[in-house]
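J.: For the protein sequence lines, the chains are A and H, in the order given.
Mapped onto the working numbering, the consecutive letters of the first sequence carry residue numbers 1 to 308.
Mapped onto the working numbering, the consecutive letters of the second sequence carry residue numbers 309 to 548.
Careful, some of the hints might be misleading.
Computed from the model, here is a short list of chain H residues facing chain A with C-beta under 7 Å [said to hold, decoys possible]:
#, residue
1, 345
2, 494
3, 498
4, 501
5, 503
6, 504
Hints in this document: simulated from the structure, not taken from any laboratory.
Think of the CB as a built atom: it goes at the ideal place given N, C-alpha and C, for glycine as much as any other residue.
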Amino acid sequence: IRHSYVEILDAKTKDKLCFLDKVEPNATIGEIKSMFHKSHPQWYPARQSIRLDPKGKSLKDEDVLQNLPVGTTATFYFRDLGAQISWVTVFLTEYTGPLLIYLMFYFRVPFIYAPKYDFTTSKHWVVHLACMCHSFHYVKRLLETLFVHRFSHGTMPLRNIFKNCSYYWGFAAWMAYYINHPLYTPPIYGEQQIRLALIIFLFCQIGNFSIHIALRNLRPPGSKTRKIPYPTKNPFTWIFLLVSCPNYTYELGSWLGFTLMTQCVPVAFFTLVGFIQMTVWAKGKHRSYLKEFRDYPPLRSPILPFIL
Amino acid sequence: IAGTSKAAHSDVAPKKKKGPGALATAYLVIYNVVMTAGWLVIAVGLVRAYLARGSYHGLYYSIEKPLKFFQTGAILEILHCAVGIVPSSVVLTGFQVMSRVFLTWAVTHSVREVQSEDSVLLFVTAWTVTEIIRYSFYTFSLLNHLPYLIKWARYTFFIVLYPMGVTGELLTIYAALPYVQKTGLYSVTLPNKYNFSFDYHTFLILTMISYIPLFPQLYFHMMRQRKKVLGHVEDYSKVE
Chain A
1 IRHSYVEILD
11 AKTKDKLCFL
21 DKVEPNATIG
31 EIKSMFHKSH
41 PQWYPARQSI
51 RLDPKGKSLK
61 DEDVLQNLPV
71 GTTATFYFRD
81 LGAQISWVTV
91 FLTEYTGPLL
101 IYLMFYFRVP
111 FIYAPKYDFT
121 TSKHWVVHLA
131 CMCHSFHYVK
141 RLLETLFVHR
151 FSHGTMPLRN
161 IFKNCSYYWG
171 FAAWMAYYIN
181 HPLYTPPIYG
191 EQQIRLALII
201 FLFCQIGNFS
211 IHIALRNLRP
221 PGSKTRKIPY
231 PTKNPFTWIF
241 LLVSCPNYTY
251 ELGSWLGFTL
261 MTQCVPVAFF
271 TLVGFIQMTV
281 WAKGKHRSYL
291 KEFRDYPPLR
301 SPILPFIL
Chain H
309 IAGTSKAAHS
319 DVAPKKKKGP
329 GALATAYLVI
339 YNVVMTAGWL
349 VIAVGLVRAY
359 LARGSYHGLY
369 YSIEKPLKFF
379 QTGAILEILH
389 CAVGIVPSSV
399 VLTGFQVMSR
409 VFLTWAVTHS
419 VREVQSEDSV
429 LLFVTAWTVT
439 EIIRYSFYTF
449 SLLNHLPYLI
459 KWARYTFFIV
469 LYPMGVTGEL
479 LTIYAALPYV
489 QKTGLYSVTL
499 PNKYNFSFDY
509 HTFLILTMIS
519 YIPLFPQLYF
529 HMMRQRKKVL
539 GHVEDYSKVE
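Based on the provided sequences and hints, a complete structural model is requested.
T.: Spelled out as structure tokens, the structure:
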């Protein structure tokens, strides 16, 4: 067997960081990362970015050495991605926060509202309904993180957890403060408005879940394959005919429902900010689909049918 | 917060990108010339009013209209970044322009009682000198004939002007606090059908606090830019 040699240089300074000899030609980048980790224990594989070109794209862990455009001695460039944290950990933390924080406001824990309201409950039944919906939403997200989602990336940069938690926890507190406030004003159109809002909310929660299941089934366990999603027997997935990222579409719908239910400006604002972020993500995903698949259905829009 | 560091990084960024086209360049030259002229008008207005009255007091009223017009006009600069004819960050530019606009309209204009404060003169003066230098810097850069003096001024005057402007701004916001609290200006209380509340008084205090982390960052960024741009005096003094 003709062995390969691998040298790893720092992408910025071009210093030689590591020289590996007797590397099997069919070794993967993942295996090379493990070998590099042995000589540099502070850089565990998840924080290594290995590229052919100092400014190029990261190579994938699955890429095989002999299939890359390198000679007998492969030269790779290394960039430190910084401390990493697993996606699962981030999701669980950022979703548990809103769940618990909202409940603190719902139960009117001391030091939030005036002392005479401590541990009292709202007299409006919509406030109880809103708490159930909000809690259901985040429990659903936690369970999906644990049992449904199949992540492409294992990790993300550590600083993201602070950014993401500030966003979710901050907004949860802001919304919960007003919805559970002793001076809360229920929706103008009363029962009709609340009923419609609940229907929209539940419909979109089921829709969002259906999409997550459909996406999970596209990908065999432990793999990172990418396929075009198509409508399944579940009617909630038929929206795939018109939209690339219907999970975001349904998520928007859920929050619109919740806004209608609570008639609360901070909720509307949270919905708007979330919508902007999801649109950015949807457009990116849509572009990736178009780039990767020649036969991608042309009728689809990123997030809103025909519009966006 | 004074906008002296606005687009500073674009001046030293290696010119890899193509840059604005001929039409965009012509427009930007006109824009920057107009802005330079506008702030010169304000400068002259301040000087004349001072000479006429013989005191620093109440000079705001003599330049109120052009100040509002030209400072608000700077919003166009956000558009320039968004469209791509200026290679600066939309977010950074947006933040700096809007903080100026906020001080002009939401504080000085809205709270009549602070308009006669000397702190207003402090930041208006800082802004005026800064903007005259900054807009002429851009004008000359676009025409590829940047006198070293202007470049030097842009990267040196901020050392004094920036803290001066920040001091004026903070003192002005502080002066506005009691009036805002008394009148409940721009504030919304519960209960209301939008289930929303906003206390402008608290918001102003939080704004003042935000200067603590933000001002040093912007200031030291400009310091670093200064070293980069003016550092190689021997090599670059004849170039441009």
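J.: Provide an ascending list of the numbers of those earlier hints which the structure does not satisfy.
T.: Checked against the structure, the hints that fail are numbers 1 and 2, while the rest are satisfied.
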